[in-house]
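Throw the hints in and build the complete structure from the sequences for me.
Listed here are the chains, written in short residue letters.
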Amino acid sequence: MICFDRVSKRYAEGHDALREVSVDIGSDELVFITGHSGAGKTTLLRMIMLMERPTRGQVFVDGQDLASISPRGIPRHRRNIGVVFQNHRLLLDRTVFDNVALPLVIAGCDHREVGRRARAALDKVGLLQRERAMPVTLSGGEQQRVGIARAVVGRPGILLADEPTGNLDPALSAEIMQLFEEFNQVGVTVLIASHDLALISRLQHRIITLREGRLVAGSKA
Amino acid sequence: MIGRRKQDKAVPAVRREGASQSRTGLRDRLRAWLRHHRLSAADSMHRVMDNPVSSAMTWLVIGIALALPTGLNVALENISQLSASWDSPAQISLFLQDGISDDGARQLQADLAARADVAQARFVSRKEALEEFRALSGFADVLDSLENNPLPHLMLVSPADSAEQSAAAALRSQLQEHPDVAQAVLDMEWLQRLNSLMELGRRLVVAVAGLLVLGVLLILGNTIRLAIEGRREEIIIVKLVGGSNAFVRRPFLYTGLWYGVGGGLFAALLVAASLWFLAWPVTELAQLYQSDFRLAGLGIMGGLNLIILGGLLGLAGAWLAVTRHLVDIQPR
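Residue numbers (the working numbering), protein chains in the order written: chain A, 1 to 221; chain B, 1001 to 1332.
If you are wondering where the hints come from, they were derived from the structure by calculation, not from laboratory data. Careful, some of the hints might be misleading.
[Unchecked claim] Per label pair, the in silico range of CB-to-CB distance:
#, chain 1, residue 1, chain 2, residue 2, range
1, B, Ala1075, A, Asp93, 41 to 51 Å
2, B, Arg1324, A, Ile69, 43 to 53 Å
3, B, Arg1029, A, Gln64, 18 to 28 Å
Cβ atoms here follow ideal geometry from the backbone N, Cα and C, with glycine treated the same way.
Below, the structure is given as structure tokens:
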């Protein structure tokens, strides 16, 4: 599903974020990416959703070389990828429901379909009764779950999460991870960047370890 | 839906459903597109109305900038309408030599009337001229005290082709050569001056309008730029979840449209108010000149055109600003 072929990324100021990273991720996998901050976890995720382009090497998603996607094609590419951010990135002046419905509105779904699917996604993360609430009235864990509902509402083939449990206590973190496992079980490719080794080593999934931009463990399933 | 997917996990759900997403019918897409237009329009309207004071100031600035050239143009229209009644026919006044008798003058009138390039020749004898002057000027007593009638015979000649100024001028110089004629005057020189003044005015209006339209575009562009800056985070999030540039642009184009339409409306109101303010003294003045001239306003069509123009300018300004600034806003 996702394939990195000797990918390097050097930023303009000369810092190497990734060096010769090659990794294959199957469509039914849930993979953790770990490493110290600055090891290149985020850069890896950003390349998959074309927020970043490699300096050298190739990235393939679903068999397509991302270098062949023009800026005009980026929105369509991103619609097949759900993203969960550490700081949630919710629209603070819209209700929980509107936040979750956003990807469907962008994709041009019929509005009844939008309502049905947004409520189903909210139900899945256990926040259906808060659909009229504003994000600021929710706790950190609840906001994160709204972010997850927004990421999965468009039924993407790939789900990316950058430190999704960064600010949460262990119990909530485990709950969130369980949600990700459930999405993976229905066939979504899930990539989670996390430095919470204690948590992710308890879960039985492949762990890719990056150190200073190099892949040091987990290149093969 | 997501709950349901869990139950049929045996099938490669993602692939199948990924395809079903792109199968969203064209009609559904169109309906969703129209719906988003409607929502964007309403949302932009709400945002404009949420800041009534600053929005009203924007409207007023645009309104003044549009009202200025429009008002000048309306004034020019009125002047040209007023001068249209004098535009034609051109008339040549022949002041005859002192020694010419009434009969001699009548003979001349007949000669002139027979010419092919003369439509009409009217004779005003010095006696008639004095009577007319006496009646109109109010100097009856003074005129009575004069021993002699100081006025010459007058012949009013209308050229056959009065629209052709050069023909009238040629006729004038021919008649000037006639031995009975002391002086030939073509009453068109002041009209020519007026016409060139009007032409100058029209060009001035075009130049001022061009500058002010540019100003309106810049004002709108700046207003939209501020709106974009205020919603930067939202734009980034929308782009991250797959929003196209068109999707991001849409609400800002509507914001521009509402500012422009409001500005056009304000301009129409300003012009109408100024005309209303001027109408009474103009009518008064016209009556003093025995004219029933009335100020012509913008009219409903003129007002609508102004609003449409404002709307188009709003769209254009928003388009410029959005195109310029959206490229800079990329998810980081």
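Please test the hint of 18 to 28 Å on the beta carbon pair from Arg1029(B) and Gln64(A).
Since the Cβ atoms of Arg1029(B) and Gln64(A) sit about 23 Å apart, the hinted range of 18 to 28 Å holds.
Quick one: are Arg1324(B) and Ile69(A) within 43 to 53 Å, going by C-beta?
Taking Cβ atoms as reference, Arg1324(B) and Ile69(A) lie about 24 Å apart, which means the hint is violated.
Pairwise beta carbon distance, Ala1075(B) to Asp93(A), judged against the given window 41 to 51 Å:
holds, 47 Å
Violated hint: 2 only; the structure is consistent with all others.
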